[in-house]
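Once you've looked at the hints, dock chain B against the given chain A.
2 protein chains.
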Amino acid sequence: MTDSFSELKPSARILLGPGPSNVHPRVMKAMMTPVVGHLDPDFIAVMEDLKKLLRAVFRTGNELTFPASGTGSAGMEMIMANLIEDGDDAIIGVNGAFGARLADCAERLGAKVHKAEAEWGRIVEPDAVERALKSAKKPKLIAIVHAETSTGVHQPLEEISALAHRHGALMVADAVTSLACVPVEIDKWKIDACYSCTQKGLSAPPGLSPVTFSARAMEAIKARKSKCRSWYLDIGMIANYWGESRVYHHTAPITMNYALYEALRVVVEEGLEARWQRHRANAAALHAGFAAMGLKLVAQEGRRLPQLSTVAVPDGIDEAQVRATLLKNYNIEIAAGLGPFRGKVWRVGLMGESCKRENVTLLLGALEQILTAMGAEVARGRALEAADAAYTGKSGI
Amino acid sequence: MTDSFSELKPSARILLGPGPSNVHPRVMKAMMTPVVGHLDPDFIAVMEDLKKLLRAVFRTGNELTFPASGTGSAGMEMIMANLIEDGDDAIIGVNGAFGARLADCAERLGAKVHKAEAEWGRIVEPDAVERALKSAKKPKLIAIVHAETSTGVHQPLEEISALAHRHGALMVADAVTSLACVPVEIDKWKIDACYSCTQKGLSAPPGLSPVTFSARAMEAIKARKSKCRSWYLDIGMIANYWGESRVYHHTAPITMNYALYEALRVVVEEGLEARWQRHRANAAALHAGFAAMGLKLVAQEGRRLPQLSTVAVPDGIDEAQVRATLLKNYNIEIAAGLGPFRGKVWRVGLMGESCKRENVTLLLGALEQILTAMGAEVARGRALEAADAAYTGKSGI
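Protein chains in written order, with the numbering used here: chain A, 1310 to 1706; chain B, 1310 to 1706.
Only chain A is shown next, with the shape it has when bound in the complex (with noise of 0.2 Å):
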């Protein structure tokens, strides 16, 4: 070849949007531990530990309980390639875009999809799902969104998950956002498939989706009367392999299991709910900090996700050129908006690893120095002072 092509050299950065979150070290450590064979007694002892940690982060007794080997995305593919059979009815919570993917995936695997939909930076109502179930004949499934990743609303899951158990069908929720950062509680709130991903609350690498399903699940998958429509992603294949029998299926991702595992335990060393308190203390510091800086935030009152926060770009400022400032003098990373939030808004994320006080100085002290430059009014030194004040519990903010 007469191109050359150099060792690699990403820059070090500091990762605030929306995921991947910056990766604990112990994590990057574990990936060195040496592949071995998908079929390995050596791998089947760790495929077992994290069935059982993921159990313990998704906070329930569900024993199909594994990662999906791809990223979050895959996870939601096969939770919906498994329970969806042409024809279904599926109710679907669109408020976001990935309330909008999933009605996509569900109706290009044959579901006839009835939404239930809510403005973008809102809550899905339960009386938009109520409506959406007396639309269809027979609901198979409710699946929502959890955390949307592209408003920052924190969707509550217990009221329409009763709902569907009223009406007989099945709960699906989507953590790809919230697992590891806010409580997630499969069984207490009866959920009966959830997905998540390993590159956000987990701070892991991107490539696992952590997938759960209940019995309720399991049996609706036993009865379909038809093959599932994804060959790599068919439940009844992969349980095989990720249960007793051991049968191959495909070959997993061995070292990204490995970072999985690592992660799993940094999570559990810590506590879940010190874990959900870290994520709620740094995310009250940085409101504080925005508000005193004069940006607002553009999800919902009292439905906001505190790992990941939208924010209003001020009149007459080129958000483009502020994300590009804080990648070049920062190595900052923060998002821009999606759909009808692509330039009007920044999505800013404190997940998993990323989620420390230093962050929430350094990210709020860049962007004060970039707006100002910028001719933005920023009230100068006042969004570190409330952040701080925020920690010390003496904010008046």
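Each statement offered as a hint is correct.
Each pair may be met inside one copy or between any two copies, as identical chains are not told apart.
With a straight-line cut-off of 27 Å between C-alpha atoms, the simulated BS3-like cross-links for lysine-lysine are:
| # | residue 1 | residue 2 |
| --- | --- | --- |
| 1 | K1360 | K1536 |
| 2 | K1421 | K1446 |
| 3 | K1421 | K1531 |
| 4 | K1361 | K1318 |
| 5 | K1360 | K1637 |
| 6 | K1318 | K1338 |
| 7 | K1531 | K1447 |
| 8 | K1318 | K1360 |
| 9 | K1424 | K1536 |
| 10 | K1534 | K1424 |
| 11 | K1424 | K1443 |
Hints listed in this document are in silico derivations from the structure and should not be mistaken for laboratory results.
Frame of chain A, contents of chain B only:
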């Protein structure tokens, strides 16, 4: 949690099964590269180089050549889900487990499958493909496995590709076990879509599936009347992310892409021709050693893969016990047979980094010890002698 979870400590194995192969130390090191965002300019630069490197290894000018975010089977499903629409006629070569998997995958996606079959251990003859073509009304594609990992058979592709083109069908090849072990000539052989994996000839950890699509394949995809059944693997959306518009679709598995990048650098530095020659030379020595030991190869003579050998288990030998002893006493992994070969055949891989003289010598020596201890009649010392003679060109076997 009451359970305690220890640090990862899998054994350091010598991987001589059908994959994963041992990972090059440079690839391990590349995985320590800091994780950045999937839209970070530093990652986009890696993506561009990955496409160039994969084109070189696939020997193609195909613009759309990139790693799909799943293991080899995800690449299979990506190609089938994007090319097949309900009712399409698909000709599938079936002479082993991976051809059968292709047929199952195509059927789930709505194809009418016409099998071109052969006995396990033999290639699919062009005659069988012609017969299957005759049974189809309007064949959309022919799909066949280049290196049947269940049988060790090396399928010639050129003549079958010519048949596909003559019948206006797309030519699809499974190169999961062939890429970077034996010649894979996408452009020269006019293959329209091909998928591989990272953990065999390329010697990176499992987790990605390099794929390539010809312009002809892309035209067929653009002419679809229905949406691709898979949201996760929809090539239209994914091509936007890997192409110039960089529209977010799903979060790429960043670290696995780093690993693949470094693995491809290693391959390109060695040179494909030198790599193929290395695989031939080590296989010749291994096969000479097997013959001297009285072990018989199962795959059709003249059509044997150098990187994956199927060996008949001698009468009266417990095949599982041999594998268990290899693993326990020598840290060597070889694999069992699948399907009709279960209990009758061992599968021995010499792929990528695992393909080296010291592994040939070690495996032959260890097998000789184990088989002798189990009472098999093995001419002591002959295998190592025969293997050495093969390397120095003095073999009479």
